[in-house]
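Colleague: Just so we're on the same page, this note's numbering is the position in the sequence shown counted from 1, plus 15.
Think of the hints as simulated: they come from the structure by calculation, not from any bench.
Be aware that one or more of the hints could be misleading.
Pair by pair, the computed Cβ-Cβ distance ranges are [what the hints assert, rightly or not]:
#	residue 1	residue 2	range
1	31	63	19 to 29 Å
2	163	30	31 to 41 Å
3	134	30	16 to 26 Å
4	27	149	17 to 27 Å
5	152	118	12 to 22 Å
6	35	60	35 to 45 Å
7	152	79	18 to 28 Å
8	78	26	19 to 29 Å
9	88	30	12 to 22 Å
10	137	165	15 to 25 Å
11	79	104	36 to 46 Å
12	163	50	13 to 23 Å
All residues carry an ideal CB built from backbone N, CA and C; glycine is no exception.
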Amino acid sequence: MPSRPELTHPGDATITAAMSRTLTALAAVFQALGDGEHTLSLAAQRTDAALVTARADHSTGTQQLRLAVLDAAEFCALRTQLMFAMEGSTMRSAVLIATTAAEPSPRACGWTVRNGWLHPMDTAALQHAVIPCPGVSAVPREVYTAPVLPFPETDEEEPRA
Numbered sequence: 016m017p018s019r020p021e022l023t024h025p026g027d028a029t030i031t032a033a034m035s036r037t038l039t040a041l042a043a044v045f046q047a048l049g050d051g052e053h054t055l056s057l058a059a060q061r062t063d064a065a066l067v068t069a070r071a072d073h074s075t076g077t078q079q080l081r082l083a084v085l086d087a088a089e090f091c092a093l094r095t096q097l098m099f100a101m102e103g104s105t106m107r108s109a110v111l112i113a114t115t116a117a118e119p120s121p122r123a124c125g126w127t128v129r130n131g132w133l134h135p136m137d138t139a140a141l142q143h144a145v146i147p148c149p150g151v152s153a154v155p156r157e158v159y160t161a162p163v164l165p166f167p168e169t170d171e172e173e174p175r176a
C-alpha cells in the first residue's frame, strides 16, 4: 500500500467546467485590480499533502484594453493550478494573492478558493501571509480587502460561501 494517497483524475466535463470558472475568475481579478503592474501568486495544498505554488506577472490597462503576461509558461502553470483548486478533488486548500506595484509600497489583496470560486481573504490572515521571512530583504506590502468577485451566470449552481 502506498504511503501517500493517490490523486484522483476528475472527469473531462468537470475539468472543462472548472477551467471555464477559472478563466472567468481570472478575468474578474484582472478587472478588479485595474491598471498597473501586478503579480498573482497561488499557494495550494494537494490532497496528498504536497504544497504547490505558481506565480505570474502581468500588466493591465483599461484605457486601451490590454493584458500583457510577462511569461506565458508561468501564467499557464498558475492558470492550471488554479483550475485544479477550483475543481477541488485534488486540492485541500488554496489562496490567490495579488500584489500591485505601487508607491511608496506595494499593495496586496487575496482570495481563498472555496466551493469552486474565489472568496475575499480575511485581511488579518493575508497580512500574516505577506510578512517577509526574517532575514529576507523584501518590501512590506500594504494589505487591503479583496473585492468580491461575482459568480458567473451559467447553468452551474452558485457555490456557497
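Colleague: Which of the numbered hints are not met once you compare them with the structure shown?
Modeller: The structure conflicts with hints 2, 4, 6, 7, 8, although it agrees with all the remaining ones.
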